[in-house]
Structure formats: structure tokens, C-alpha cells
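J.: One letter stands for each residue in the lines below.
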Amino acid sequence: MPDTTLPQTALVSDPHAQLAAQLKVQRQRRERLRNAAAYAVLILIALIMLYPFYWTLVTSLEPTGNIYEAKILPKALSLRNYAEVFSGTTVPFWRLFLNSVIICILGVTFTTTLATLAAYPLARMRFPGRDLVFYSILILMVLPNEAGLIVNYITTIKLGLLAQTSPLADAARQYLAVVLPGAASIVGLFLLRQAYLGIPQELIEAARIDGARELTIWRRIMLPLATPTIAAFAILEFVAYWNSFLWARVMLPDKNMLPLSAGLLELSGTFSTNSRAVMAGAVITIIPILIVFLMGQKYFMKGLEGAVKG
Amino acid sequence: MTTKGRRVSRREQHRIGGTGASVTVRNTLIAYAFMLPFLILLVVYHTWPVIFGSYLAFTKYNIISPPQWVGLDNFRELFADEQFWSGLRNSLKYVLVVPVIQVISILVALLVNRPLRGIGFFRTAYYVPVVTSFAVVGLIWSWLYKQGGAVNSILMGLGLMRGDHSLLDNPATALFAVMFVTLWKGIGYYMVLYLAGLQGISRELEEAATIDGATRSQVFWNITLPGLRPTILVCSLLSTISAIKVFEELYVMTPNGYPAGSTYSALMYSFSKAFGGDFNFGLAAAASMVVAVVSILFGLINFRLTKGGRSDA
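Top to bottom, those sequences are chains V and U.
For the first sequence, my numbering gives the first residue as 36, with consecutive numbering after it.
For the second sequence, my numbering gives the first residue as 19, with consecutive numbering after it.
Pulled out of the complex, with its shape left as it was, chain U reads as follows (with noise of 0.2 angstroms):
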């Protein structure tokens, strides 16, 4: 599991590759007609929008007239824009998420790791709202947490909550409403991640511990933790860009930044700069740009405190 063994191991997978048939012209042209239409649709579809999306950040665009050269306009016009600084804000509150998720996430794993009967029944359960769309998930959640509805109910019985009111249209609790969805959407896909994880620990060092007399918490604080930091490292760095990436969820249960804007994310204010009418997709490219650059620089905080996922203490 170690990065240090995978990079070995692929290494010796192209040697045995290489082995293969020997180079020739007819070999060549066979090998990129294979992956010919992959290539095509790849750069189409994914190279592209990189490039021509960066170029658009500097540029007015309407898809009517061509694309004008403005230089650092947009941004001027971004980091000038109240509504684009609340919806960065929101993005970062969103990865408040992020050690929630994992915390519960990993504590599951450990959970339905355990040899027990039926567990299978569980591991199923907990993945069903992975395998079900944000547009169905979020018009559950958001019939749930109507007024008089049964989230009001529980809270109100469990005595955290007075008066019946719609978490999802009070401004102070709307944007929090939507981030246990997701929380409760994201466990069990981080769970499987983690019992992968979990399964790639060796037994023995577990085991062998647990001989030499130490107590649970010690094995899962000095063994099964360090081990799993790999995964940790590949899940947080997920659950961090997803985060700030915060979209569908918001779209769904609270458009518009409903209420008073306090659910607007910076991809959101994208999203509605481009197909809100205006169609400013050169403003909406640079808003774009933003919230990428705010990615790259939490996933190199999640490589530090990660330690690069060594799984090595």
C-alpha cells in the first residue's frame, strides 16, 4: 500500500508491457487506431475546457460575438463583486464537512469491518444514497426538513429545537441543513474506500501487538491509524475538492442562494453567470479559475497534513 511499492510495481508492469510486440510502423498505427476514438473525445471533452477555459478568463464571451481579449477585467470585476466573496465563503465554510465526514466515515469502516452476521445487509444499506442522485436526494431531504416535517419532529422531540421552523429557510442554519445531506450522502463511499483501506493492514501486525499486550486503542492509534493514512490522504484530498466544488446539492435544495443568499457557492455564481441569462461566460471562466486555484491550494494543505499519505509514522 505504500507509494513506494506501488511506483516499483508499476514500473515492472511496463517492463512485462514492454516485452510485447516489437516496434514497427504497422504496430504503431494498430496501437493509436485502438485508442483513437478515446483520444479524440478526451481531448474534446476534457483537454480542452482547460485550455480554452483559461484563455476565456481573460476574455468577454457571449458565444454570439468572438471571444475579446479584456486581460484581468473579469477578475477585477470578480474580487469587486460581494455576492462572488459570500459565495467563496460559503465554498470554505463547506469544507467544514470535511473531518466530519472522514471521522464518521472511518469509524463506519471500522464498524462494518467486524466479522459479524448480516454485515453484508449493512454495508449494502449504507451505500444506497451513493448510488442515488443529488436531483432525488435533495428533494427527499428537502420535503424532510419542511416545516412540520420529520426532521422538525425529531429535533423538536429530542428537545434541540423550539419552534417549528424550516431549517432550510432560516439563513442561519440553510447552508448547514444542506451539509448534512451531504455528509449523510458521502459516508458510504468514503466507507468503502476506508474497508479497502482497512483490508490492505496487515492482520498479523494487528495481531502480534494485541500478543505483546497492547490495548485496543493503542493497536488502532500506533497501527491501523498510520496504515490507513494513504486512504486518508485520498479521501480527504476528494471530500476537500468536493467541498469547495459545492454545487448540485445547493442547487437542488436551496436555488439561488436561497434564503437571502446565505447558500450562494463560488461555483454557483459561476454556474448563474453563464447560464443565468447574462450568458458572461468569460466572468464565469474566471470564477472558475478562482475556485480551481482555491482547490490545488487545499489539496497541497491535505499533502501536508497528511504527510504525503505515508503510511509509515
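Same shape as in the complex, but just chain V (with noise of 0.2 angstroms):
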């Protein structure tokens, strides 16, 4: 068997040859069963990491049966579910859905803007003050913040945010209580420097000798050429803003107001007469941050590792 790949006369002419050839014909085999186990491990793996979601979604595919057991396949298919998801609560799953959208444009917006504009001076200008405001954020993220969400919620509220006056400015002031206290990222500003001290000073030593102003030059130098972290940072925010939920919980008065992972509790709460529906729920509820990262997935590896490198 092995040595069907050799050319016949090093065979017979050299014995050094003939050994190595055993040799790496061993090796070969050696590799390939190791392959052949890393294969079996990973796809144990993955079954384990996928099959609850997998279970969510063909469970919530099924109109009747037996719930909760393990199955590979539905027993049969239908979308009532789904239907009853929009229209048998009295929390607008729509509604949540458009609330979720909002609060993730908003936040994503926020967050990259100010990152992008704070990292901007202390990666590449120079002012009194630099180094004090750059390792004041430094502690800052050392800094345990157990008592974030009391005294946010406190301060959400002396700052009015959940007054009631009309319909659209509570709204207004509503998405706001959510998305600011996340809006001032401190990882974000560290990736957005780090993206910034990347590129050759030379070139914006030419724009300002080219009488370009501060503001001229972060729109078009740095920005474009930090787009690859900026996505990626815009990629992590968003699935943070998709995913809050307990923030969000725990301020808001409204019902209507909440987003889609926290109205899913509400829902499993409220709804416990039909655990199919929270089901379909929550598919709906994955599948928008499964397109999002499944587009960016290589932006998005990128920007924890570079988060670590830091």
C-alpha cells in the first residue's frame, strides 16, 4: 500500500529513501487519524453549541405535540406561532420589534460618533491635559461599577427622562434613558485610538500644512482610513444594543416601549399558557443579530482581538 505513491527505482536503489518514504507515509497516517479525531471533536462541539437553537426552531415550528422533549426534526410544520406571537399578546410584538430598531440606530450612532470624535485628539493632537484625561479613562475602566445601575436609573430620573408630556417626545425621551448611559464607550475610544495612531503621521502633518482644518482632517483622513475598526466596533455595539435588556426592564414604565429581549420576557411572563409562541419569539428575536454578525463575523473577530491587544 505505501509505496504505490514512490517512484519504483528509489525503492529499489536506495535504502536512506525507502525509510524516509515509510517514514512520511507514517506520518501521513498519523496526521490524518489526528484530523479524523479533531473533526469528531469539533462537530461534537458545534452540535452542543447549536442544537439549543435548533430546538427553539423547530419547536416553534410546530403547531401541537409534545413540547419540551428532544426532537431532530418537527412532527409538523406551521407558522401559527409566529401569527400568534404579533397577535395574541397584549404587548405589540411589532412594536417591540421597531423599538429594538430605534434603540440600536440610535445607540450605534452615538457610541461610534463620540468614539470616533474623542480618540481623535488623544491619539493625535497635542493640548494640555492629554495625559490627565487619558488615564483619568483609564481608572475609569478599572474602576468596578456595581452601583451603575441604581444610581443611573436615579440620575435617569432627575434628569427628567421619563416625565410625561405627549406621546412622541415621551418616546423620544424614553429611547434616549436607554441608549445614553452606554453612549460613552471606553473600549470603543481605546480600539478608535489605537486605529488612529496606525497611520502615518506624515500625512497629517501635509494636510495641516495645506491649511486643512482639525475637523477636515478627522472626516478625511482618519475616518477612512479607520473604517475597518470603526465597523468592526459598530458591529459590537449594535449586538449589545440588540441584546440589553435589563436596563431597559428595570427603567422603563411603558410596556410599549421596551425592546425585543426584554418584551420576550415580559412575554415568557404574561404568556405562560403557550410556550410555542415565546419560542417563535425568540427566533425572531436571534435572527436579525445572526444576519448582522454573519456579515460582519470577520470585522467583528478582529475588533475583540485587536480589544485584547489593546
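If you are wondering where the hints come from, they were derived from the structure by calculation, not from laboratory data.
Owing to the predicted nature of the structure, the values given are computational and were not obtained by experimental measurement.
Positions of the beta carbon are idealized from the N, C-alpha and C atoms, including for glycine.
One should not assume that every hint holds.
Taking lysine-lysine pairs in the BS3-like style, the calculated list, with each CA pair at most 25 angstroms apart, reads [to be verified]:
1) Lys164/U x Lys110/V
2) Lys78/U x Lys111/U
3) Lys111/U x Lys106/V
4) Lys193/V x Lys106/V
5) Lys111/U x Lys325/U
6) Lys78/U x Lys193/V
Only part of the chain V face toward chain U is listed, based on derived beta-carbon distances under 10 angstroms [what the hints assert, rightly or not]:
7) Arg62
8) Thr94
9) Leu96
10) Gly100
11) Glu104
12) Ile137
13) Leu152
14) Tyr155
15) Pro179
16) Leu184
17) Lys193
18) Val285
19) Pro288
With the hints as a guide, bring both chains together as one complex.
T.: Okay, here's the thing in C-alpha cells:
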């Protein structure tokens, strides 16, 4: 079996070559075995990681039957549970979806704008107090902030963000109340600062000599060249805002203002008779995040790696 | 990857930045204008909670009337409350998840670091739980743990369980059942961090050792693992601190410490004192402060155990 791949002459004439060839075949066989074992483990872990999601999808598609049992394929297919999520509750599901979309758009816009702006002077300008500002922010990152939820709740109320005047203004303020506490991202500031530091100083000097203003340099040079990092950060923030539930749940008195994740918990609390509908809701909650994650997967992983190496 | 190398390069970067525009009043104003919106929100939502939270811990406060200084009363009340102690014990028990999650994540990172065909698919698949919210993940797992559910049938099929009772309904197992979900959700996250760490270890060093006759396990223990030490420090710090602060997964899967307070955590205590109806923000802040101090202590222990994350042996 091993010698079929080798030239006959080499085998006959040179005993060393023969030995080398045998060793090579042995090594290849061992490598192949090892790879097979690796794939077996990889697949097993993938099953553990993905089956819970698959099970939820399958069960949400079944109209009836034994709800919680382990299954591979649905017994019957129907979209009834999905219709139920949208019609069968007091909380309008499309509204929750819309809330999540608005919160994500606001949140991602705020965090990326603020971080891309603030990182610029810290990376590329010289001014008194720069190191002080930089190290103060560093210290904030290390300081434990367990009272955040409590104090931010008080701050939100004191700022009047939960005041009631007109429906439209109330909604706008409540969205702000959800978004603002996370809008100044220290991690984002560090990521962006790091990205700016990688941009050649000559480019900036040349622009300054040509009389460009700092805002122009920021917009025309820094932003385009830092786009990969900005994209990674924007995806990270999208995931964070889409998934946030606790803060909104604690703070928002109006259930119609909740984002999807928080609304889903509300649903499972009030809707205990129909778990399948809640499962359908869970599937609807996951899908947008999966789409964004898969689209930006490359940036996303890079962004995370960058965050550690910082 | 060494801390020393990083420090030098950061100083270098400062120097490069420092040759930028000259220091004028105008430029200084422009610089602060760039940072102003960020700094305002930072102070309101990050600095202020640290300051005001520390102050609140020594007051009675319910939002309606102004805070009243009560000295150490909140802490006395806290330490006399058996419920708080039980929460703190559970939070400390939760740290058990840290070594397990770190060892598995390192093994998985080594596995997906191999140049195999289709490895990108596996890396992505393992990351899906990470990007899913605890609200969703917690709900899914509480269904899987149900009586007659998937987890039970697998455990009974393997002969690991007798009698079909939900692990979440049993005070002896509930906390561990939630811990497993934390583990399941966290592996992908730490895997990516370790993958980044592995890529920072020089290939030449490993190959040179192999040529010199080192076995695979010798290479792992003498080169790969020490090279990963900075990453291990970061990861174990992150996971220890989040274990002590465990809250969201318990909040979704075992509300109010169900069953029988067996999943009550220290932050859950703080949360319920603030938002559970009696708006006792002072006591809640005091409980949070204790959690903060405990996480700092555990952070220091982590530093000792990983020798400050130095990659040299």
C-alpha cells in the first residue's frame, strides 16, 4: 500500500530513501487520524453549541405535540405560533421590534460618533491635560462600577427622561434613557485611538501644512483610514444594544417601549400558557443579530482581538 | 505581547502624537471640543455612579426624600442579613466556573487553531451563543431543562440521572445548571481571545523546539502555555469578575433565587433591594460596594496566580 505512490527506482536503489518514504507515509497516516479525531470533537462541540437554537426553531414551527422533548425534526409544520406572537398578546410584537431597531440605530450612531471624535485628539493632537484625560479614562475602566444600575436609574429620573408630556416627546426621551448610559464607550475610545495611531503622521502633517482644519483631517483622513475598526466597533455595539434587556426592563414603565429582548421576557411571564409562541418570539429576536454577525463576522473577530491586544 | 514591550510602544506612540500640531489656545479648545460630548456622558454615566454610589452606601435614600447620612448602618444591616450572606456564598461558588471555562476555552482554541478545512465554520458556530442575549439564551435553556426536556433525556440516556426532575427545580443542582449555561455561552468568547493569544506566540520557537526533539506535550507546557500567560490573566480576570457579579442568567432562569434561595447572588440581593419594591437604594449601594471589594480581591488573587501575566517563565 505505501509504496504505490513512490517511484520504483528510488525504492530499489536507495535504502535511506525507502526508510524516509516509509516514515513520511507513517506521519501522513498519523496526521490523517489526528485530523479525523479533531473533526469528531469539532462536530460534537458544534452540536452542543447549535442544537439549543435548532431545537427552539423546530419547536416553534410545530403546532402541537410534546413541547419540551428532544427532537430532530418537527412533527408537523405551521406558522401559527409566529402569527400568535404578533396577535395573541397585549404587547404588540412589531412595536417591540421597532423599538429595538430605533434603539440600535440611535445607540450605534451615538457610540461610534462620540468615540471616533474623542479618540482623535487623544491620538493625534497635542494639548495640555491630554495625559490627564487619557489616564483618568483608563482608571475608570478599572474601577468597579457595581452601583451603575442604581445610580443611573436615579440620574435618569432626575434628568427628567421619564417625564410625561406628549406621546411623541415621551417616546423620544425614553429611547434616549435606554441609549445614553452606554453611549460613551471606553473600549471604543481605546480601539479607535489605537486605529488612529496606526495612521502615518506625515499624512496629517501634510494636511495641516495645506491649511486643513482639524475637523477636515478627522473626516477626510482619519475616518476613511480607520473604517475597518469603526465597522468592527459598530457591529460590537449593535450586538450589545440589540441584546440589552435588563436596563430597559428596570427603567421603562411603559411596556410598549421595551426592546425585543426585554419584551420577550415580558412575553414569557404573561404568556405562560403558550411557550411555543414565546419560542417563535425568541427565533425572531435572534435572526437579526445572526444576520449582522454573519455579515460582519470577519471585522467582528478582528475587533475583539484588537480589544485584548489594545 | 509582553507587558514591557507594550509599554515601550505606547510611549513611542505618545511621542509620535506629540509632534503634531503646536500647542496653542485655539488648538487646545479644538481638542476639548472633539472630546466634550464623550466626556460629558462619561462623567454622568461612569464617574458619577462611582462617586455617588460610594456615598449612597452610607445613607438612607429612596429618591423621594434627600439622602440621609447613616454611617455604617447599611453595612451592619447587610452583615446581619442571612439572605445577603447566602447571596455572597452563591456568588463565590459561581467562581468555580472560571477554571472550567478557561481550560475548555484554551483546549477549544488549540483545536480551532489547526489549519483544517472548514475551520472557519466551527469558529463561527462556537461564537453564536456569545452574540445571543442572556434573555434569549436563558429562556432557551430553561425550556431545555424542563421535566421531560432535552437535557433530562440525554442525562437519563447516559445513565447520569434517575428520575425525571428538572435540574432548575432542585436546590442542590439549580446553581450548577445555570453555571453550565454560563460556560456554554462563554466558551466562544474566551476561545477568540485565546486564539488571538496563540497567534501572538512565535511559530519559529515552537518549530525550533520540535526540531530539537521536544514532544508535543513538552512544546505545549514549556512554550505555548507560558506564551499564553498574558491572555490567561486577562481572561481569568474577566471571567472571575463576571462570576462574582453573576446576575443576568440567574435573573432569567431562576427568578428571585428560585428554588428556595439556592440561586440568590450578591448582586441579585442588591438589585432586589433597589428595584424589588422598597427602593432601599442605600442598602443596595452598600451591597454593590461589598461585591466591588470582593471582585478587587479576586482580581489581585488572579494577578498572583498568573504571575502578573508575564510571558517569561
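J.: Go through the numbered hints given earlier and state which of them the structure violates, listing their numbers in rising order.
T.: Violated hints: 2, 3, 4, 7, 9, 10, 12 and 19; rest satisfied.
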